[in-house]
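*Asks:* Letter by letter, the chains look like this.
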Amino acid sequence: MVTRGPTGALAGQIQRVRDAIASGGPADDAAFDALALPLYRALLEEIPAWGRLARARGLPPEAASSWRDVAPIPTDAFRRLDLHAPSAGEVVRTFETSGTTSSQPGRALFDASALALMDLAIDAGARIHLFPDGPVGRVHVLGPSPQAAPGKVMLQGMRRLGESFAGGRVVFHVGPGGLDFPALLGALEVDTREGVPVLLAGASGTFVQLADWMGAQGPSRLPLAPRSRLLDAGGHKGQGRELSRAEFRALMGERFQLPPQRCVNLLGMTELSSQFYEDSLAAAHAGVQGREGFVNPPWTRTRVLDPDTLAEVPDGVPGLLAHLDLASATRPFAVLTTDLGVREGDRFRVTGRARGAEARGCSIGAEAWTDAAARR
Amino acid sequence: MPPPGADPPAIRVDRAPRGIPDEADPVRLPGDEATPAVAAHPLDPRRVGRIAAALRDAADRGLRGRPVAGIAAVLDRVSRRWLDLAEPARRATVADVAARLGWSEASVGWSLDREMETSLGADLLGALDEDLSPAAALDGWVEAGDRRRRALGPGLVAGVCSGNVPGLPHLTVMRSLLVKAPVLVKVSRDEPVMLGRYVDTLREEDPELADCVAVQAWRGGDREVEGALLEEADFLVAYGGREALEDLARRTPPRVRALWHGHRAGACLVAREAVGDPGLALALAEDACAHEQEACLCPAWVFVEGGGADVSRLAEGVDAALAEIGRERPPPRRSTSDVAARRAFLDRLLVEEIAGSEAILGTRAGPGLSHLVVARRGLPAPPAAPRGRVVDLHAVPRLEEAVAWLGRRPSELQGVALAAGPGGSPALAEALARAGVTRICPPGRMGVPDMRWRHDGRPCLGDMVRWCEEVR
Numbered sequence: 001m002v003t004r005g006p007t008g009a010l011a012g013q014i015q016r017v018r019d020a021i022a023s024g025g026p027a028d029d030a031a032f033d034a035l036a037l038p039l040y041r042a043l044l045e046e047i048p049a050w051g052r053l054a055r056a057r058g059l060p061p062e063a064a065s066s067w068r069d070v071a072p073i074p075t076d077a078f079r080r081l082d083l084h085a086p087s088a089g090e091v092v093r094t095f096e097t098s099g100t101t102s103s104q105p106g107r108a109l110f111d112a113s114a115l116a117l118m119d120l121a122i123d124a125g126a127r128i129h130l131f132p133d134g135p136v137g138r139v140h141v142l143g144p145s146p147q148a149a150p151g152k153v154m155l156q157g158m159r160r161l162g163e164s165f166a167g168g169r170v171v172f173h174v175g176p177g178g179l180d181f182p183a184l185l186g187a188l189e190v191d192t193r194e195g196v197p198v199l200l201a202g203a204s205g206t207f208v209q210l211a212d213w214m215g216a217q218g219p220s221r222l223p224l225a226p227r228s229r230l231l232d233a234g235g236h237k238g239q240g241r242e243l244s245r246a247e248f249r250a251l252m253g254e255r256f257q258l259p260p261q262r263c264v265n266l267l268g269m270t271e272l273s274s275q276f277y278e279d280s281l282a283a284a285h286a287g288v289q290g291r292e293g294f295v296n297p298p299w300t301r302t303r304v305l306d307p308d309t310l311a312e313v314p315d316g317v318p319g320l321l322a323h324l325d326l327a328s329a330t331r332p333f334a335v336l337t338t339d340l341g342v343r344e345g346d347r348f349r350v351t352g353r354a355r356g357a358e359a360r361g362c363s364i365g366a367e368a369w370t371d372a373a374a375r376r
Numbered sequence: 377m378p379p380p381g382a383d384p385p386a387i388r389v390d391r392a393p394r395g396i397p398d399e400a401d402p403v404r405l406p407g408d409e410a411t412p413a414v415a416a417h418p419l420d421p422r423r424v425g426r427i428a429a430a431l432r433d434a435a436d437r438g439l440r441g442r443p444v445a446g447i448a449a450v451l452d453r454v455s456r457r458w459l460d461l462a463e464p465a466r467r468a469t470v471a472d473v474a475a476r477l478g479w480s481e482a483s484v485g486w487s488l489d490r491e492m493e494t495s496l497g498a499d500l501l502g503a504l505d506e507d508l509s510p511a512a513a514l515d516g517w518v519e520a521g522d523r524r525r526r527a528l529g530p531g532l533v534a535g536v537c538s539g540n541v542p543g544l545p546h547l548t549v550m551r552s553l554l555v556k557a558p559v560l561v562k563v564s565r566d567e568p569v570m571l572g573r574y575v576d577t578l579r580e581e582d583p584e585l586a587d588c589v590a591v592q593a594w595r596g597g598d599r600e601v602e603g604a605l606l607e608e609a610d611f612l613v614a615y616g617g618r619e620a621l622e623d624l625a626r627r628t629p630p631r632v633r634a635l636w637h638g639h640r641a642g643a644c645l646v647a648r649e650a651v652g653d654p655g656l657a658l659a660l661a662e663d664a665c666a667h668e669q670e671a672c673l674c675p676a677w678v679f680v681e682g683g684g685a686d687v688s689r690l691a692e693g694v695d696a697a698l699a700e701i702g703r704e705r706p707p708p709r710r711s712t713s714d715v716a717a718r719r720a721f722l723d724r725l726l727v728e729e730i731a732g733s734e735a736i737l738g739t740r741a742g743p744g745l746s747h748l749v750v751a752r753r754g755l756p757a758p759p760a761a762p763r764g765r766v767v768d769l770h771a772v773p774r775l776e777e778a779v780a781w782l783g784r785r786p787s788e789l790q791g792v793a794l795a796a797g798p799g800g801s802p803a804l805a806e807a808l809a810r811a812g813v814t815r816i817c818p819p820g821r822m823g824v825p826d827m828r829w830r831h832d833g834r835p836c837l838g839d840m841v842r843w844c845e846e847v848r
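Each protein sequence line maps, in turn, to chains U and R.
Residues in the first sequence are numbered from 1 upward in steps of one, following the working numbering.
Residues in the second sequence are numbered from 377 upward in steps of one, following the working numbering.
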């Protein structure tokens, strides 16, 4: 399929972002501003809803003089609006967020240039945080293939990791009945026997399910080949037990004989093209102590905002996380999440989520009531 | 005095009849991190059995032979003491409950006042008269033509409280004692403090009556403790969410009769003729602040018969009224997560507006999102508004549409405030009753039912007794 590439003012901005990421990202805030502000203005021309939202927030786009003035768009907007710059080219892929009972899934629209930018960002981020010591022999994914679940951006990203850092050797371990743990463990045993270092990748909750399954069915331990590593993403989201980070690493260390620094957590969002990693493996590779929290790649920024005023709060004070990701250059690239977190120097931590309109006391939750009544 | 820097001692929340020894030190409830900390003696099936036996003995000795009027007189004295702002038990409770729930002391005091001023002797005897005919049958045989009748309360009532409306748990104690039944009540994790202190006041007024009440704390769903309790109890009064009640119901033996008080929702209905009433905005704001909108009687939605302009004008007045109430009774301290949820709700409305939805007429917020007023067009649709000083106004062409919408979940409806203009609206009241509503009142009075209200639509005192008749 031949797709039309970006045209007009936006094309130049996308190229500048691409060049910046390829060369390691903007070096400082001034360089970041030099990319972010023209891109913001170009996108506002094409996505008027973003401009209306910025004005409603009291952040007139024409007054923006720093990346901090870029109005973050609530993630909910991706559920309700088609947020894509037409001049970037036609939409070729749509990734979806998980829906809730009261809302349809959010949709992130990708044109060809957006997919290429995402691949570039995935490679650049993973090279620093997941493969600082070079590629591995195979990627095993605890999940379906992107063909089987085309709406899930995480699977697309994991396939890309296999293409870029395992010579295309990537296996998705889902059978007709769901996750195929026996097949996965069998494949891992073969790789271990042959000394093939692997990346084991999947959702955090799925890893806990796997570890529990191994504890119950055996083998309870399956040492992976040296230089292997584990990437977990997405938190638990109600699947399996919730574990602290230390408990998670201890459990994975026990099952796969992985040192704690080789368990790397990733925060990704369907609405964004870049990912945020823990720096445990990168720090270990550099011979320094890793610290808790996610690190921003140079082409991203994360702010913590007071949920009342949406003003930025000081380090250590909890608030709503808002991410800017220049690699999301054909969509609104500043997103206000419902994640709560804190900023700590050069990194941020996620501490929870905004509570919904659930029941309190003996009053029934309006959300449950409204949804159920609406479904009748 | 604890040494500087040491944690203050936990508040002991359990109470048992005299003669029940403390077999172990009080412990904190698992998972409870609220402050001030609370602790209770650990409960196991053996201790449940001992407490139940002591309660039955105490009822035989000092409750079953008492006239109802005497019991009501004691409860009246306790309520009056709790209405006294200088009463030490009340003062301590207001401070502790406010700290644990994050409510202002003024707001906790308001809730306690409303509960206690409707728990006076006349209310109690009035409720008995309405629920039981004749109530005198609780005291002895009552002639009824060719027969005579006697009403008897359960041998032992088990109460399971949930939620955190201050002053609500004592209702189960009062109802049990009025039908001459001893009672063992489980306090809720969020607000476990008030009931123990209430029983202390009862003990000061009448130790024999206080020996008929046990207050205990355990983790809801504890199979062993609840199994033992349900073995002992003859009647269960349970408050809670649907899942918790269904779980408890599965474990409740058929011989144990029960009152299930599940979570419910309320609404306000404003007829076209009443939209301009001068006191309406303040009354709607009062209903949204009563018990911090956490009681089953509190309104989740306000339906206004009229157009967008009517609702927008009303929203302005409600916003000002909420601010006024906030000065007298400051809103709760809200967690970052709560404020974030309010922001997410407002953002969803903003996105709807930007997407061109005509349903959103406007939003207003107090400082720190302490209160919210939302004006919308049409019946409720996502996003659902959070609770807690939130007035969610919906302009509808006819109130009958709102009644039909509410009537889709009849078993989950509770109170409705009806502003119908002069003369009221008998037809709407009838439609609401048929829809499932259990209480209709004017706006501003949703959160203050009295004891004569048939809670969840049931004559609760009547449900608790068993009748015996002797035919001649």
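Keep in mind the hints are simulated off the structure, nothing from the lab.
Keep in mind that the hints are not guaranteed to be accurate.
Computed footprint of chain R on chain U; a stretch qualifies when at least three of its residues, placed anywhere within it, have a C-beta under 8 Å from a C-beta of chain R [said to hold, decoys possible]:
hint : segment
1    : 51–58
2    : 71–83
Pulled a few chain R residues facing chain U out of the computed Cβ check, cut under 10 Å [to be verified]:
hint : residue
3    : I396
4    : D398
5    : E399
6    : A400
7    : D401
8    : P402
9    : V403
10   : P406
11   : S711
12   : T712
13   : V715
14   : R719
15   : A720
16   : F721
17   : E728
18   : I730
Computed spacing ranges between beta-carbons, pair by pair [to be verified]:
hint : chain 1 : residue 1 : chain 2 : residue 2 : range
19   : U       : A148      : R       : P630      : 48 to 56 Å
20   : U       : D29       : R       : A482      : 43 to 51 Å
21   : U       : G253      : R       : D489      : 51 to 59 Å
22   : R       : R631      : U       : R245      : 45 to 53 Å
23   : R       : E493      : U       : V317      : 28 to 36 Å
24   : U       : A30       : R       : A482      : 49 to 57 Å
Every value quoted in this text rests on a predicted model; they were computed, and no experiment measured them.
Note that beta-carbon positions come from the ideal geometry of N, C-alpha and C, so glycine has one too.
*Asks:* Hints first: check each against the structure and report whether it holds.
*Replies:* Evaluation of the provided hints:
no., hint, in the structure
1, 51–58, "holds (count 3)"
2, 71–83, "holds (count 6)"
3, I396, "violated (30 Å)"
4, D398, "violated (31 Å)"
5, E399, "violated (33 Å)"
6, A400, "violated (30 Å)"
7, D401, "violated (29 Å)"
8, P402, "violated (26 Å)"
9, V403, "violated (24 Å)"
10, P406, "violated (16 Å)"
11, S711, "holds (8 Å)"
12, T712, "holds (5 Å)"
13, V715, "holds (4 Å)"
14, R719, "holds (4 Å)"
15, A720, "holds (5 Å)"
16, F721, "holds (7 Å)"
17, E728, "holds (7 Å)"
18, I730, "holds (5 Å)"
19, A148(U) to P630(R): 48 to 56 Å, "holds (49 Å)"
20, D29(U) to A482(R): 43 to 51 Å, "holds (47 Å)"
21, G253(U) to D489(R): 51 to 59 Å, "holds (57 Å)"
22, R631(R) to R245(U): 45 to 53 Å, "holds (50 Å)"
23, E493(R) to V317(U): 28 to 36 Å, "violated (42 Å)"
24, A30(U) to A482(R): 49 to 57 Å, "holds (51 Å)"
Taken one by one, the earlier hints fail for this structure at numbers 3, 4, 5, 6, 7, 8, 9, 10, 23, listed in ascending order.
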